[in-house]
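Protein chains: 2
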Amino acid sequence: MNTSAQSSAFAPLQNDTFIRACLRQATDHTPVWLMRQAGRYLPEYRDSRAKAGSFMGLATNTDYATEVTLQPIDRFPLDAAILFSDILTVPDAMGLGLSFALGEGPKFAHAVRDEAAVAKLAVPDMDKLRYVFDAVTSIRKALNGRVPLIGFSGSPWTLACYMVEGAGSDDYRLVKTMLYSRPDLMHKILRINADAVALYLNTQIEAGAQAVMVFDSWGGVLADGAFQEFSLAYTARVLAQLKKEHNGVRIPSIVFTKGGGPWLEEMGGLDCNVLGLDWTVNLAKARALVGQSKALQGNLDPNVLFAQPAQIEAEVVKVLNSFGKPHTGAGTGPTQIFNLGHGISQHTPPDHVASLVKAVHDHSRKMRA
Amino acid sequence: MNTSAQSSAFAPLQNDTFIRACLRQATDHTPVWLMRQAGRYLPEYRDSRAKAGSFMGLATNTDYATEVTLQPIDRFPLDAAILFSDILTVPDAMGLGLSFALGEGPKFAHAVRDEAAVAKLAVPDMDKLRYVFDAVTSIRKALNGRVPLIGFSGSPWTLACYMVEGAGSDDYRLVKTMLYSRPDLMHKILRINADAVALYLNTQIEAGAQAVMVFDSWGGVLADGAFQEFSLAYTARVLAQLKKEHNGVRIPSIVFTKGGGPWLEEMGGLDCNVLGLDWTVNLAKARALVGQSKALQGNLDPNVLFAQPAQIEAEVVKVLNSFGKPHTGAGTGPTQIFNLGHGISQHTPPDHVASLVKAVHDHSRKMRA
Numbered sequence: 001m002n003t004s005a006q007s008s009a010f011a012p013l014q015n016d017t018f019i020r021a022c023l024r025q026a027t028d029h030t031p032v033w034l035m036r037q038a039g040r041y042l043p044e045y046r047d048s049r050a051k052a053g054s055f056m057g058l059a060t061n062t063d064y065a066t067e068v069t070l071q072p073i074d075r076f077p078l079d080a081a082i083l084f085s086d087i088l089t090v091p092d093a094m095g096l097g098l099s100f101a102l103g104e105g106p107k108f109a110h111a112v113r114d115e116a117a118v119a120k121l122a123v124p125d126m127d128k129l130r131y132v133f134d135a136v137t138s139i140r141k142a143l144n145g146r147v148p149l150i151g152f153s154g155s156p157w158t159l160a161c162y163m164v165e166g167a168g169s170d171d172y173r174l175v176k177t178m179l180y181s182r183p184d185l186m187h188k189i190l191r192i193n194a195d196a197v198a199l200y201l202n203t204q205i206e207a208g209a210q211a212v213m214v215f216d217s218w219g220g221v222l223a224d225g226a227f228q229e230f231s232l233a234y235t236a237r238v239l240a241q242l243k244k245e246h247n248g249v250r251i252p253s254i255v256f257t258k259g260g261g262p263w264l265e266e267m268g269g270l271d272c273n274v275l276g277l278d279w280t281v282n283l284a285k286a287r288a289l290v291g292q293s294k295a296l297q298g299n300l301d302p303n304v305l306f307a308q309p310a311q312i313e314a315e316v317v318k319v320l321n322s323f324g325k326p327h328t329g330a331g332t333g334p335t336q337i338f339n340l341g342h343g344i345s346q347h348t349p350p351d352h353v354a355s356l357v358k359a360v361h362d363h364s365r366k367m368r369a
Numbered sequence: 001m002n003t004s005a006q007s008s009a010f011a012p013l014q015n016d017t018f019i020r021a022c023l024r025q026a027t028d029h030t031p032v033w034l035m036r037q038a039g040r041y042l043p044e045y046r047d048s049r050a051k052a053g054s055f056m057g058l059a060t061n062t063d064y065a066t067e068v069t070l071q072p073i074d075r076f077p078l079d080a081a082i083l084f085s086d087i088l089t090v091p092d093a094m095g096l097g098l099s100f101a102l103g104e105g106p107k108f109a110h111a112v113r114d115e116a117a118v119a120k121l122a123v124p125d126m127d128k129l130r131y132v133f134d135a136v137t138s139i140r141k142a143l144n145g146r147v148p149l150i151g152f153s154g155s156p157w158t159l160a161c162y163m164v165e166g167a168g169s170d171d172y173r174l175v176k177t178m179l180y181s182r183p184d185l186m187h188k189i190l191r192i193n194a195d196a197v198a199l200y201l202n203t204q205i206e207a208g209a210q211a212v213m214v215f216d217s218w219g220g221v222l223a224d225g226a227f228q229e230f231s232l233a234y235t236a237r238v239l240a241q242l243k244k245e246h247n248g249v250r251i252p253s254i255v256f257t258k259g260g261g262p263w264l265e266e267m268g269g270l271d272c273n274v275l276g277l278d279w280t281v282n283l284a285k286a287r288a289l290v291g292q293s294k295a296l297q298g299n300l301d302p303n304v305l306f307a308q309p310a311q312i313e314a315e316v317v318k319v320l321n322s323f324g325k326p327h328t329g330a331g332t333g334p335t336q337i338f339n340l341g342h343g344i345s346q347h348t349p350p351d352h353v354a355s356l357v358k359a360v361h362d363h364s365r366k367m368r369a
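Here the protein sequences come in this chain order: U and X.
Its first residue numbered 1, the first sequence is counted upward by one per residue in my numbering.
Its first residue numbered 1, the second sequence is counted upward by one per residue in my numbering.
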């Protein structure tokens, strides 16, 4: 798929704070964006979704995907945009039949439960995901250089959870039964997923994504030992295949493992630029465990946004202070990208997001003074 | 409540492996019991429950509670029994109206959401929990010294989660909104809960419990900083009030925080004998972080029990080996109590539990040879 002609024609980046922080370069404030920032807590998003009819109606339509991706950027001075899409587009393109029942999570019509189903899996033709790459290019054009655009995918393990369970799960019984009783099948799924995710992210980069993020949303449900073997190893397999730059511009990569706190030291060895952290992690401890090679992204509890603005500000300050003074001056050093420790709740008052973004920008400037 | 006359009349303990391991004394094998070992995966439990009509029908009837507590002890050579009860009996005794709808989790009729509701809370009269203490005494008699009996309670924070949410929750939005916006109310609830839990556990000890366990099932959902202030501090407040011995016999205490991996170092400072660990924790790392004062309990992923016996045995060996060689000889040293990292699934084949217990006993004897 030739998208490089398009992507070289994009407007120059005006706010590169996020990209610089990913690369551990100094910035005049700590950049901030929020996981699921384009979402149901915004009335304008709810209007768009009503017009589109469904979540996938939004995600598969270039205009809608562009519209909702830019909504939080228009409302708040966020430092990055993230592609509006779903983490499960890749297994959908493998033919598993993704759907979203009203008020429920994602479901697959064809769960992968046995050897025959695994034998049918293959890296999908990227043409089946053209709607995603078209959205990336459209969003990048619409952003017009205001802030960088982050592309993303679910991690190989997280995709496998949904592929085997067929839906979300409380106990991951089916996928873990396969993992413990047929590790050969699980490894086969994960190899295919890793190669598919790498190709998918590289094609997003060609289409215009300026950074990419791997969401290992369910890595934290694995046992010690199993995490390293069935999640971390395949995230590493994705990273090994990722483009590090495009058209001469560096493309930072972010890995976020929800519940990954127990394995920070091991994740410090991943070949990515940024580790995303949930709210259980102490940022000072994380810096010590991860080492000097990575920026850290996170990690405010999304529920802080239900408190009043003064309390939100106090909690933002705690998170910034727990990371400590970021790098200033030339070269590279410790940097943070402010974010929530998980996706923003649909019940969040939008005004409280404004308070959060302002608090991050204001206090992080003071910390550098 | 005078129960000491009864408890001094109990039969002497024949298998003290669990108690010795709690106290970091040498044993000839690693003791094993399973969280929720009396439960729906056992056909005899399902029969008892059908007779009793409901979960609380089992828990509030002395004969049924005794019957189901002993069922796994009769079936498997487990090294401890645990009181059959619910973690939410204390807020129920506070008047919040606990119920279990069929196929759903627990619910409270009167959730604690505002200042007026908090003002009404008080440490409940232990007479309202007499059914629990009667069950403890009855079970202890029925055990007749075969294995020790563990009493338990939910932690102050875990009780508060249910009291404020009114039920289980995916996001803990209501309880965290109170925590961040009205920390004064949250602290008031937690003080009352801590004093109630301490009194409740001490009364279980007087009634015959030979060890006690605090289930901090939801401590792991808290942010770093909030965990220390709203969960750990109140678990410590419980422990400070607990009886350390009864009738001249030491009563070990266990604290289990699901998802507590990020705070093992801080939990090492708790005044308890054992820390329970979930499956995300590496036992060798945990030993290093917790220090020399505590035994460790855990931590097999319950989903391992869906694999075949040979694979269950291999995973048991991994967990035992990750802890390392336990203390032998005189004095005290590192000891493990084998358990799952969370409650056993209702879908578990009972024969697989037999394989697990045998593997723990066999391999742990070899490790000492």
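Hints are not guaranteed to be accurate.
The list makes no distinction among identical chains, and a pair is therefore deemed to hold if it is satisfied within one copy or across any two copies.
[What the hints assert, rightly or not] With a straight-line Cα cutoff of 16 Å, these simulated EDC-like cross-link-like pairs (lysine to aspartate or glutamate) come out:
1. K285 to E266
2. K318 to E229
3. K243 to E313
4. K243 to D195
5. K128 to D86
6. K243 to D271
7. K325 to E115
8. K128 to E266
In case anyone wonders, no lab produced these hints; they're calculated from the structure.
Quick caveat, the model's predicted, so the values are computed rather than measured.
Hint-by-hint comparison with the structure:
1. K285 to E266: both (14 Å within a copy, 13 Å between copies)
2. K318 to E229: Answer is between; shortest inter-copy Cα gap is 14 Å, intra-copy 35 Å.
3. K243 to E313: neither (38 Å within a copy, 42 Å between copies)
4. K243 to D195: Within. Shortest intra-copy distance 13 Å satisfies the 16 Å Cα cut-off; inter-copy 58 Å does not.
5. K128 to D86: within (14 Å within a copy, 51 Å between copies)
6. K243 to D271: within (12 Å within a copy, 52 Å between copies)
7. K325 to E115: Answer is neither: 52 Å inside a copy and 39 Å across each miss the 16 Å cutoff.
8. K128 to E266: neither (35 Å within a copy, 50 Å between copies)
The earlier numbered hints that this structure contradicts are 3, 7, 8.
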